[in-house]
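Engineer: Sequence:
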Amino acid sequence: MESINIDAETLAYIKSESEFSQARLKGFLEIVMGLITGHQRHLLSFDEIVSKLRLKQSIYKGLQDVPLDHIIGSTGRYEDFTRHFLPRTGDKRDKERWRNIYTLAVTGKGFPPIDLYKIDEVYFVKDGNHRVSVARKLEWPTIQANVTELPCSISLNPDVDTKDLLIKEECAYFLEKTRLDQSRPDSKYHIDFTEPGGYRNLLDDIELHRYLLTLSQSRYTDESKPVSVPEAAADWYDNVYQLIIKTVRDLDVIKHFPNRSEMDLYVWLIVHQPELRDRHNLEDLRLSNGVQEFLDYLYWESKTNKE
1373 MESINIDAET LAYIKSESEF SQARLKGFLE IVMGLITGHQ RHLLSFDEIV SKLRLKQSIY
1433 KGLQDVPLDH IIGSTGRYED FTRHFLPRTG DKRDKERWRN IYTLAVTGKG FPPIDLYKID
1493 EVYFVKDGNH RVSVARKLEW PTIQANVTEL PCSISLNPDV DTKDLLIKEE CAYFLEKTRL
1553 DQSRPDSKYH IDFTEPGGYR NLLDDIELHR YLLTLSQSRY TDESKPVSVP EAAADWYDNV
1613 YQLIIKTVRD LDVIKHFPNR SEMDLYVWLI VHQPELRDRH NLEDLRLSNG VQEFLDYLYW
1673 ESKTNKE
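Going by our numbering, the first residue of the sequence shown is number 1373, and it counts up by one from there.
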């Protein structure tokens, strides 16, 4: 009986059929589990992120080795793959594309670098979605890519989800108005919230602080020149935020609020400060100057916000 010789490339292509089917099944299970648990399991839209974070500039960074688990979105095919770049569609053309790339990868022929956009710590595919999918199926740690970075003052990590994006969107608007990322760069690492709404409350505080600064200046000059929001934000950061956060840290109260940030506590104290004063008889306590100033500030702000 005559033997049949099959080259490595043909064998790899034959195997790619079952590999694709397996990847697609895992993709289906990933989406179903996401629906059950409520966790987002689809890729993020690059255009949506750029819009939410108000990004405008881009800088080409050249050819780099990029961690595959840091690629979390795409410019145009974010609905065709899961968060782990497992295929969601059985489209004949997509399937054939995936199988051909798989064959090139396992036979050592390789494929060209992909094109990525980078925002902080994460990446979005401009060209090469199927190559990323195959590379992840083969458990490669990295992939070569031509990287274009969009400078961003907001931190993004590979675990970012829908709720995080709402907070990041608020943060982008907050920074656009206050410019604290420029005037006080360290604020990026300290002013953060775990729930949506915090940055809006913070903007209200800064607007109130701006009003008080303008009033204070008018007492010493004939003309009242309004203080700008960025100026008020910088002054608020130096003379209000620093005092309050130092007091919070000195008292070590954040330990009583697990999974919350210092800024969550700050906003919570402003909202509940009158109730706390009454319940704990804070008026009768002899407090240090720093703590008393802290409580007085919160009390005054809570009354002003209600008015």
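Calculated from the structure, these hints are not laboratory results. Mixed in with the good hints there might be a few duds.
[To be verified] With a straight-line Cα cutoff of 27 angstroms, these simulated BS3-like cross-link-like pairs (lysine-lysine) come out: (1) K1549 / K1597; (2) K1424 / K1481; (3) K1433 / K1498; (4) K1428 / K1549.
[Said to hold, decoys possible] Just the calculated beta-carbon pair ranges, DEER-fashion: (5) T1461 / L1538: 36 to 42 angstroms; (6) L1407 / K1597: 34 to 40 angstroms; (7) K1398 / T1534: 43 to 49 angstroms; (8) R1632 / T1461: 19 to 25 angstroms; (9) K1387 / D1558: 38 to 44 angstroms; (10) S1555 / S1527: 15 to 21 angstroms; (11) E1493 / D1419: 31 to 37 angstroms; (12) E1548 / D1419: 15 to 21 angstroms.
Every residue gets a Cβ at the ideal spot worked out from N, C-alpha and C, and that includes glycine.
Engineer: Which earlier hints turn out false for this structure, listed by number in ascending order?
Structural biologist: Hint check: 2, 5, 6, 7, 8, 9 and 11 fail, others pass.
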